[in-house]
Structures are given as C-alpha cells and as structure tokens.
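Chains as they are written, first to last, in the numbering used here: chain A, 1 to 391; chain B, 392 to 782.
Treat the hints with care, as some may be off.
[To be verified] Listed below are the simulated DSSO-like cross-link pairs for lysine-lysine, each with C-alpha atoms no more than 27 Å apart in a straight line: (1) Lys8/A - Lys755/B; (2) Lys637/B - Lys767/B; (3) Lys380/A - Lys399/B; (4) Lys376/A - Lys708/B.
Derived by calculation from the structure, the hints in this document are not laboratory data.
These figures come from a predicted structure and were not determined experimentally.
There are 2 protein chains.
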Amino acid sequence: MAKNKALKNSRSSQLQLGIVGGGQLAQMLALEAAPLGIQVHILSEKERDPAVQVCKNWQKGNPNSRKDVIEFSQKLDLLTFESEFYEMTSYFEIQEKALQGASLPLRQESPSLSIFPSPEAMQILQNRSSQKAALIKAKIPVAPSIEVNTKEDLTQAWQKFPKGFVLKKCRGGYDGYGTYYCQSQDDLVKLHALFPAEFIAEPLISFKRELAVTLIRSQDGSLETLPLVESHQEQSRCDWVIGPVKHKKLSGLLKKISHLLQQLNYVGCVSFELFDTGTELLVNEVAPRVHNSAHYSQEALSHSQFLLHVLAGLGEKFPKVKLLSPAFCMSNLVGQSNEPAEIPCNLSGHLHWYGKDENRVGRKMGHVNYTGAATKELLKKALLERKKFKL
Amino acid sequence: MAKNKALKNSRSSQLQLGIVGGGQLAQMLALEAAPLGIQVHILSEKERDPAVQVCKNWQKGNPNSRKDVIEFSQKLDLLTFESEFYEMTSYFEIQEKALQGASLPLRQESPSLSIFPSPEAMQILQNRSSQKAALIKAKIPVAPSIEVNTKEDLTQAWQKFPKGFVLKKCRGGYDGYGTYYCQSQDDLVKLHALFPAEFIAEPLISFKRELAVTLIRSQDGSLETLPLVESHQEQSRCDWVIGPVKHKKLSGLLKKISHLLQQLNYVGCVSFELFDTGTELLVNEVAPRVHNSAHYSQEALSHSQFLLHVLAGLGEKFPKVKLLSPAFCMSNLVGQSNEPAEIPCNLSGHLHWYGKDENRVGRKMGHVNYTGAATKELLKKALLERKKFKL
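Just chain A, with the same shape it has in the complex:
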C-alpha cells in the first residue's frame, strides 16, 4: 500500500488527469478539473458519452482492457475512476510499474503516475462481500448478510431470513440493477435461474428513511465530511435528496468511517448510503467515488464533491468548505420515454443536464439543484418544476 505523500508547495500547470469512464460523473469531474489547470483525458467506449462532450482528449477504449488501460496511462500523471466496477488487474500493474520507476514507459515529465483511490481500496470496496467484511472489521453497523453463490445457498438464505431478503450481486450492481427481492417461495424458485453467481443476501431492513454522507480524504489523511442528507429512492434509483439533516448517531459513525478510510489509505471521494432505522444508523452500501447523493454540493457548498475529489488526488489540503444556504434539494431527471427530452424554460433551480445521446426509460438524464431557506419548500418546488420536463 502506498504511503501518504508529503504535501507539495506547488504543481505544474501541465498536469494530465485521466478519468476512466465517460458518463455524467466523469463529465462533472472534467468540468471542475479543467479550471484547476489540469488537462483532462477520458477513457470510454462511445463518442457520445457525456464526458467526451466537455473534453478534448478522448481515448476510445474499454476500461477493462489491459491494452487500452496501459495506453491511456502513458499520457497521465493522475488517474481516477468514475465507477467502482472496473477490473483492477491492469491498474495494479500500472501502479506497480509506476512505483518501480516508469518502465511502462510513463510520461517522461512525471514518472510517478498516481491512481486514486488506489486499486487496493477499489478492489475491496467494489465487491459487496469484501466491502461488508471491511465494514464489519471497522465495527461499522451493517445489516447481517450471508454469501449466496449456489442454489443451495439460496435455500439457506430463505431459512435464515424467513421474512424475506434482498439478493445483491457482489459486483456491478447499481441503481437497482443486480438487486433482487425474495419474499415468497415463488420468488425463490424464480431466483434459482441466477445461479451459480456471486451474491450476498440481506434480510429486508425496515427503516424510517434513507440517509447518505459523503467524505473526501486527501493524501495526507485530512478528511472533509459533507453534510448528512436524506435521499429518496424510486425503483431503487435515487429520486431526490434534501439536507442538511441531523442524526445523533452520526458523529459516532463518522469516527469509525474515518478509521476505515485510514486503514484503506483511501484518497478521494467516498459515499456511504445509510438506513436510519429509528434507533440505529446502518451502512447499506459504500461507493468509492463521487456520488449522486452529493450532487447538491455543486451549488449548496462553496466547493463541490467533484472539485474536492480532484484536490484530494492532487495531494492538496482542503479549502474551508462552506454551506452556502440553510437548506438544499436535488431532484434527479430520469427518462420516462424514448422520445427526445424537452427542457422547461425559466427554471428556478440550477440545471445539470448530462447531454446523453438519447433519452431512455429509467436513464438518468440530468438533475436540478435548489438552495433556499427550508427543505420542505425546496422539495415541493423541485417536484413541481420536474413535471415541466418532457422526459
């Protein structure tokens, strides 16, 4: 595991940052990185990917192809990920070579390519099974779970969680993809078709509300915690977020999270999705990247999650992050049809449209951020204005 690096006094104005992935998260990272004096490169498969629209340097390629990743890395001083689901083997290889001194060859000007978060941290957190083990080791409260790899394991899960359970794919699940509910014998039979495969099963947790907290950790170990938010899901997909909210168990949880991130030598942005059960705060999921639940930070905070993620990768100290308004709300714009989308004029919120090639049912097309005095009014306004979109 790489050691914490000493903070530097200055940096070149010619740094090259590679972002693996071309979706909206990569796009918003690229938009914030450019004004920092960083040349951004995108590795993605399609020319119409959102990040490619806002970036001159695009390499068409597959983030899981060794050849493409090695070629990409040769242009870079820094590399980061838009998603946690890439195969890490090539990234480990690049990191090794970079540590040995540029035999790849890496960029002459900067033989010390730095990958953040590290492939080690990514590998642990990208798999629900090893992610849960890491959370448990750090004494962070989570829902109980068992591994389910075969039809027999599935039957055992039904015995262990007779009130029903949720199956979550160990790798690659997001926005409800890779998540299956089992609440009856019928469900059980249908789910047989999935196996053999790597899943975990968790009992259905009854919770009051879903919360989320995003942290950013820099190379020197300093940690910035963004406000706690409430997030509302529709069909397992983030629908809206409001905040800031309070929870008496938060500070205790943050201490344990801080310890976990230190153990992982984590660098960059990381989001924790939480269940507020009324008595407890359980971690449901960890996303080692910028996250939908912190998009509000673009207008509600003095520095967004995207900017802070890049600063962390640069090895900089964090600036003082200020909340710019008493309350905020973020509403997601999700495709409802396959017809071209229409955007209403005269929105009172801040639009972030991702410029995807086409509208599709269930596809995240953009979001709108609102700031103001109270979350209740902001949410009301957000939901009203959202109806004016043709999605």
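Chain A is already provided as a structure; the job is to place chain B on it using the hints.
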C-alpha cells in the same frame, strides 16, 4: 433590427450553441453552457486555444472569414461572440438568411439561427467612435473626444487637449493594446507614425478610482444588473477587482444604460468600465460580451455572468441572482516570463486557470476568486497568494 421574441415554455435538449473565439472567455462560457443541455461548438484558429480543451466540437477557422463563418453557422441554433472585434459582414449575412428562412441551408431542425448580441449592436459597440456616439445620444456621461484619422487631426487634438490626451484605436484595442498616451511634443512626433488610421483622442481624465458594472439583458427586455465593482489596472490591464461597492450616481446611470440597451435591442452580457471622478461617473468603455471585471460572479454570485449570458441568448427569464458573501475579490494571473507556469498548492481562493499553450509576459493565464467578509482582507490575501505562483 430583430424584434423581441416571446418567451418560450420549453426548449429542445439538443440545442447547438456556437461560440466565435477560443480564448478564456469562450472557455468559461462553454463550461457553463454544457450543463444547460446545450451542445457547444467553438470556432477558433488554434487547437491549443483554451475553449477547445473543454469542448468536443471545434471548427478550426477564422472568425473573420466568410467561408469559415458560414460553415460554422450551419451547425447552430444560437451563435455568440467571445470578442467584439470580429468583422460583422458575414454575421449580418447569416442573420438575413436566417430571417428569410434558412436558404443557407441552416440546420433543418432549427431554421431560425439566433445571433446574440445582434450584429447591429456589435457593430455599433465595436467601434469607439460609434460607441461614443451611442453613449452621447443616450445622455450617458463620457469623456469628451475627437476623431483622429490623420497627422493633422493629431495636431488638432494637441491644441484641444493641451494637458495631454490618450489616443485609442477605434477598433481592436484591448488590455492596453491600441492605446497611446500623448503628454509632450516628443510623444506627438512619435505618434505621427501611426497615421493614417482610425483613432479617437480623449483628454487625460483624473479619477479617484475605476469602477465597472455588468448587465445582462434577455430577449424579452428584462435586465439583470450585477454588483458595482472597483477594478485596478496595471499597464492598462485588469489586475484585480473588489466589490460590491456603492456609488450615489449609479442608479441614475443605470437608467440611461437601460435605455441605451433597449435602443440597441441588446441581448446578452455587457460591461461598462467607469471613471469615478469624485463628482461624476463617466463611462470609459463598453464591452459587449462577458468581461474580466465580472469574473468574480463565478463564486460570489448564485449565477455567473457566463451562465446569465447563455440564458439571455436562450430567451429565458433570469433566475433570482443572489450575492453569496458580503465581499469578494478577483485577482488576475498575468504571465511574468516565458517559462512554464507553476501553480501553488493549497490556495484559499477559487482557481480558474485557462490552460493556455504557453506562459508569456503580459498574457492572462488565469484568475483567482475570493469570497468573505471584507474586501480589504480578501485583497490582501489575494495579493499574498498570487506571489506564490510562478508566472
């Protein structure tokens, strides 16, 4: 002159905006336009231009070439300018054709290409002589001036302004380029070499401080006025800006400016550089575009000048623009050498680095915005942090 258009209820998510010019102003416009669901196109001459780094759609071309401009326009629904100094003939032609109904041919989806500000307004304001005439017609206080086109005119200027005068090129002058001081017979003899050419001469104005105000006017005539600022120049180039400042003559001036913009049917952002003589507020110069003196708006306001310029062109109503902190300061980063620039780590302000191909003496390389309680402390901090840059 085009009529005010009625406000629309919604717009396509596939609008194509062309920005003529590829420098930092075009770059910052492009960064703010993309999240509005607009595909940005840049027309500029060099691949290493700042705007080209943050935009997929680049057309290499000359903004003064009819062929390049016509080709560029065929991709667009909307067109705007980064600079006021382009030759307007081709833009008039495009506007005519668009009004007649797309015989160019323009984009099939949208045969009504809209140019903002209009070529008419650009043509009047891009020439110091016609600009001054428009200001005088609108009863806006300005320094007296005479036109100077020949050596004989120059001698007359010296007779009219015996305490010295400044010669300003009618077209193309900025950041001190195209500006010459005449304070002695020696100066006068040297300046002979410039003629014949189009200049205006103004007496040297003694002023307490330089101020600036930026306004944005939408298609329906609604007008947003950003805070009044004080700007400090070094060698005729903007060095820093602080604000907000007050001036008892401002509201009277704004009424006249509003009338002028209405007369011009102006759409978009426009900046007025002012001399505060102690008793009067004189307009020194008008820039029909986004402007260095309003860069502070990126972090000090809820909506930046770049965003508001694009919203104006879209024909939208302006959102409520809020000042996010009691005071702000912007400090320009100007090249001091031809060596590669270095950026200090851990800045407390918000960096906007333009990513130019090379550092050069006198070249604007970036700026830093600060927000806080009082301008005095912010300016002190800004000037201290600026010393840490290697420029």
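Verification of the supplied hints:
Distance check on the hinted pair: Lys8/A and Lys755/B sit about 25 Å apart at the alpha-carbon level, within 27 Å; holds. Pair hint Lys637/B plus Lys767/B holds up; C-alpha atoms about 15 Å apart against a cutoff of 27 Å. In summary, the hint linking Lys380/A to Lys399/B is supported, as the alpha carbons are separated by about 23 Å, within the 27 Å threshold. A hinted pair counts as satisfied when its Cα atoms are at most 27 Å apart, and Lys376/A with Lys708/B qualifies at roughly 25 Å.
Of the hints listed earlier, there is not a single one the structure fails to meet.
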